[in-house]
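Protein chains: 2
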Amino acid sequence: MPNPSAAMLVIGDEILSGRTRDANMHYLAGALTTMGIDLKEVRVVSDDAPAITQATKILSASFNHVFTSGGIGPTHDDITADCIAAAFDRPIDVRADARKLLAEMYAQTGRELNEARLRMARIPDGATLIDNPVSTAPGFTIENVHVMAGVPAVFKAMVATVLPQLTGGQPLISQSIRLMQGEGDIAGPLGELAAANPDLSIGSYPFQQDGIYGANIVIRGTNVADVNAATRKLKGMFPQ
Amino acid sequence: MPNPSAAMLVIGDEILSGRTRDANMHYLAGALTTMGIDLKEVRVVSDDAPAITQATKILSASFNHVFTSGGIGPTHDDITADCIAAAFDRPIDVRADARKLLAEMYAQTGRELNEARLRMARIPDGATLIDNPVSTAPGFTIENVHVMAGVPAVFKAMVATVLPQLTGGQPLISQSIRLMQGEGDIAGPLGELAAANPDLSIGSYPFQQDGIYGANIVIRGTNVADVNAATRKLKGMFPQ
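Keeping their order, the protein sequence lines are chains E and D.
All letters in the first sequence, in the order written, are residues 1 to 240 by our numbering.
All letters in the second sequence, in the order written, are residues 1 to 240 by our numbering.
Copies of the same chain look alike in the list, so a pair counts if it works inside one copy or between any two.
Derived pair list, reagent style DSSO-like, types lysine-lysine, alpha-carbon separation capped at 27 angstroms:
{"id": "1", "residue 1": "LYS156", "residue 2": "LYS100"}
{"id": "2", "residue 1": "LYS57", "residue 2": "LYS156"}
{"id": "3", "residue 1": "LYS57", "residue 2": "LYS40"}
{"id": "4", "residue 1": "LYS156", "residue 2": "LYS40"}
It should be emphasised that the hints constitute simulated quantities derived from the structure, not laboratory data.
Let the hints inform the model, and build the full structure from the sequences given.
Structure follows, in structure tokens:
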């Protein structure tokens, strides 16, 4: 059986304007790989309602899981929850369970649960809350879409809540070999190795160091013995 | 007239597996913003021919410019050029102009222009070459799609070749204000300021520092006077 598939939807003008460097994609990619869920596509869209709604619909229909980051705070530019609700034709309003979480936290810290903060309790009908141990305001899961915050510490905490609830697949075993030869010198034999091992993914990632061309070769697969055998063959082809 | 729009297509399993942290998206986003081209969407797809071809078609039809990174080297997993050719129904083969560039470079460095390296001279019919001052193997532009390398140093050099040939728009002027108040405390007045200035984009980017919640407010627009006026109003609302 193939591994479950996943997509990520990153929401935020600040990434597309170059103001902020996204950190959540790299984190989620690593976490999913570890549990055998294959991240197949990432999309970054701006704080634009039709773009968010449309991307949600397409990704939700195309992959087993969709993870979103960004746009669920209290300010006017946080429109993700409403867009996700629209994508699934669900009503959305302040929900009692989310409101209670926020009310307790603000009561403890002596701050006011004002209208803006109440926006963070807007949850689509039928969604399940995602716990936020960092700053309380919850994310939510609706159908196969997991809606999480963009602040990296909160995103990580929500990922830690969501992933253990999902069924993983066979984690990819991977071996890396660093070759101090240009890709053009290794491409022929490497292509033959890849053709002889259709169940493995063999990637070549070139680099330059002090003017010398080299490549990191990464061999990935779900069968340890196969990965190790191909790695030994590769090492035999290019003794360093 | 609205600014030209753009999308980016990042190609590579290594990003989606979490092995490599993409650097090109952040770089291109900043470069486009400076020249008034609005980056509206980024997609990251794996080394999978249908995924690359399909994304190229959709993005090319939806935006004024598309910039791709990755998958144009000499190894078996470099399939971008063929996928782009397929997206535009163009024949692709080793082209004389690209072959000449490679032949001269390899002759100078005493290396062999072998079959693998010749793959880097595969250029779709009708495409224009993009100069690569770092490692010679060219990128190419076909219709509104600019196909560039994934290695960051080469990507940057190709961007430096392509961008001056494009017509920019009105660069966004931006002002940032760092507020040491939680988003929930500023969201009401901030939303009113945003509503009163529909031509400006006002974003709020929360952070936590030493347990204190704060937010960076970024005001963007093409009219300096408007941006400055809104910035003054915001500072008046929240004297720090």
